[in-house]
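Work the whole structure out from these sequences, hints included.
In case you want the letters, here they are:
There are 2 protein chains.
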Amino acid sequence: MPHPDFEACLNAAMPARILRSVEGLLGWDQETHMPKGAIESRSMQKEYLAGLCHKEQTSPQFESALKKLIDLDTGKILIHDLSPEEGAAAREWRLDFIKQHKLPSSFVQRWTKICSEATHAWSISRENNDFKTFAPHLNAIINMAKERSEHLGYEKHPYDALLDEYEPLAKTEQIDNLFAELKPFLIDLTKKASRSTKELPTGPYPRSAQIQFATDLMFDIGLDPHHVRLDVSSHPFCMDLHPTDLRLTTHISEDNPIQNISAVMHEGGHGLYETGLPPKFYGSPLSEAISLGIHESQSRFWEVLIGQGRPFWECYYPKMQESFSQLNTFSLDDFYQRLNRVEPSFIRVHADEVTYTLHVIIRFELEKDLITGKLNVNDLPEAWNAKMQDYLGITPSTDSEGCLQDIHWSSGFIGYFPTYALGNLYSAQFFATFTKTHPDYAARIAAGDLKFIRAWLLENIHRHGRHYTASELIQNVTGSPLSSDSYKQYLTEKYL
Amino acid sequence: MPHPDFEACLNAAMPARILRSVEGLLGWDQETHMPKGAIESRSMQKEYLAGLCHKEQTSPQFESALKKLIDLDTGKILIHDLSPEEGAAAREWRLDFIKQHKLPSSFVQRWTKICSEATHAWSISRENNDFKTFAPHLNAIINMAKERSEHLGYEKHPYDALLDEYEPLAKTEQIDNLFAELKPFLIDLTKKASRSTKELPTGPYPRSAQIQFATDLMFDIGLDPHHVRLDVSSHPFCMDLHPTDLRLTTHISEDNPIQNISAVMHEGGHGLYETGLPPKFYGSPLSEAISLGIHESQSRFWEVLIGQGRPFWECYYPKMQESFSQLNTFSLDDFYQRLNRVEPSFIRVHADEVTYTLHVIIRFELEKDLITGKLNVNDLPEAWNAKMQDYLGITPSTDSEGCLQDIHWSSGFIGYFPTYALGNLYSAQFFATFTKTHPDYAARIAAGDLKFIRAWLLENIHRHGRHYTASELIQNVTGSPLSSDSYKQYLTEKYL
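Residue numbers (the working numbering), protein chains in the order written: chain A, 675 to 1170; chain B, 675 to 1170.
Don't read these hints as lab results, they were simulated from the structure. Everything hinted at is true.
Treat identical chains as interchangeable: a pair holds within one or across any two.
Calculated pairs, DSSO-like style, for lysine-lysine (alpha carbon to alpha carbon, straight line, at most 27 Å):
{"id": "1", "residue 1": "Lys1125", "residue 2": "Lys710"}
{"id": "2", "residue 1": "Lys820", "residue 2": "Lys776"}
{"id": "3", "residue 1": "Lys710", "residue 2": "Lys954"}
{"id": "4", "residue 1": "Lys720", "residue 2": "Lys710"}
{"id": "5", "residue 1": "Lys1125", "residue 2": "Lys993"}
{"id": "6", "residue 1": "Lys787", "residue 2": "Lys720"}
{"id": "7", "residue 1": "Lys845", "residue 2": "Lys820"}
{"id": "8", "residue 1": "Lys954", "residue 2": "Lys787"}
{"id": "9", "residue 1": "Lys1110", "residue 2": "Lys1168"}
{"id": "10", "residue 1": "Lys787", "residue 2": "Lys729"}
{"id": "11", "residue 1": "Lys845", "residue 2": "Lys830"}
{"id": "12", "residue 1": "Lys806", "residue 2": "Lys820"}
Bear in mind that the values here come from a model prediction, so they are computed numbers and not experimental data.
Given below as structure tokens:
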């Protein structure tokens, strides 16, 4: 039986949770099915709901229900017989409330509007390879991000406040240190691991067969057909509307079947996390993901550690060959080598697992400089290209394959990128523990058993929601705090 | 330039309008793409938004903005320099506000919940042909409809209050009179017009070719590809999220291509109305449809008066034959006869245009009796079957093809059915004027020109929104008040 005061707080929190779900549906629809000409009306709906949601997140009703559970100033739990889960929920609710409360409603609405316009401008700029059109919008976003950081407050670095929205409790300094250690290692490994591989047989890899393959795979990894659907969008994503209502999207290229499979494994990993959150706590932090870093650890676990591993393809490559006859003359070895080819390239989302984190580091460094004013928006393309040359040894020939490639900044997601790298670190550290617990994992996967993987993730990670912080979780599950050791060891063993 | 007080009222009305759009998206998604297992979470979202929407429709902000325009008690316009449109908007806003204000919030939320549960029970009952499971839910709906009627108030008949929600200003007595006149006419015409026709060549009429045909047709009648999409659902519908965002659905049977075409013409007719409403007045009654009867007149105009007419098929039948090769040996005459076959049948949505209105009359008579308590829910199947035998000469062998066939009652739509019949009457009367204005209409349609039809409807009906009441509109457009004359004359000429 939940504590009545916990339940009262859950009820008071529900409106905002429902509104966030509905916002999710508006976003999903916009990327998958919405008629193109409806963009203005959709923006209006999103702006309105964002304001409403913020109002609910900071409503007096919620505040007074929360105040019964926890002292908002000190964080002291005020009810002695809350369960540990309920106490954790109160702790997380408080952090969310304080954060939201610091943002004025007018700011939230303005933020949504400016991001909406910037996203529109970005997509045109990218298409036309025209950074100048996007620059004033990005400038407005950076200025608002600075303002946001001041509203939210920080101790050491203005970037801390932004980072904290995606990776609660993480600090810029910690990321600086991790990246300082990773950067030379990855630059070095990229050089050493780069080798030529055979090219995949030419397409077409028919769209319908790819969708069928993706759908089967989505169910094989453990998603429930009753609660998930798959669509196609220009950028793959996972939208969780509820633990019982999950929407994945994939991207299909008829020239290359790998993009689709990576997308489904990646988004499927996110989806398993979301559908593994306990529905009975829906509306509370106990039914929410801890952080974007932990979320990304789940997607990368499936996409890379499972889905780019040899055992997985021992099982799935014959199925691929059945679906795509041109692969019959291409060996498993060749496929595996191609899949894991390390090679500097321009586009982050298509990068291999070694260079990927370098792409992230570049963005983190540039974001920080933009926020502190060290870098001017107008000088961004040049700074981007210089870092690409420094870390990856290549220079984009256009801004569209350079600083215009990602949607994040136009959406106001400043402080988001580092969580991609954290996801890689977390996933490698989880994987090391997973393989210790299941020393026979490779044989089981090669034999087509994937369900025990989900079971392990569910037991250790998903079912806890935000009961533990990210630091507590990694300590509980792996016995150590987060470090880059497992990641470096995994990459070294795989590539050297 | 809009009057500033009108604009203030428009701004105050916008939240409710946006929420209704979002509710529309939730409904559309539920019927088209939502994973089946998400139904409970979807119901929760819909209940919450319904409550929120009602709160906004009756908010003090809206009330005080409206009170500047119009005296809520007397309906007297208080601002002398409002434009005629703005005055009409104030008049309609006032009527809506008074109606919504009479319904307590708690009632609205309970209503939504009970309807949501009843719809779920109905779909199971219909599948299992088990009226008993549905009966207690229907009983609850009828009781709540009585309560609703008392909340809303009425002068003569409790059904008036319910009818008014779908067909503002219409009265039960008026429908009684129209139906009293139509019933013997239609029963007689059904007998005289029934004749055997050749059956369509057997299927399959491939799904993908049907969808392509429907899509082309949707654009041919004047819908804008930039603002509309077509999906497949078990029951076809038209969901307007905004004048710039329209969602049609169709139903595909591979045995019979007519259902799909009827659906697209019908829903397309609704869609042309919705996308013809002036976006600049979005949020006000000037960008809303007058009534369900007028709405249905637009769908029936396209589905029946155009889409089951000979000129249309002179143009489209060769296209059909191109798409479905089995029709090459089936003549246009045979197809036209088959399309217009008059024959008593059980399912309203598949009924021909003569018997259709009799299906509606049956429902209207039963609804009235349920509301007044003359008929008990448990006795509904028997009463239904008796009327089917009386009016159409056939008796359903199961409740699934009898009183369980329609979703309306389970959705709480009591008072809705008569608008289908009104739609037929309005459409015939509009058509008579249209054909007078365009005496060459048949030749133009046969030559493939459909755009002038939309232009006429836009000019005369769509662009006005709720500027005029239904009675004013029919008088303005056709020069006469609504009567059954045009309808009877049209049917007589076509079938006798």
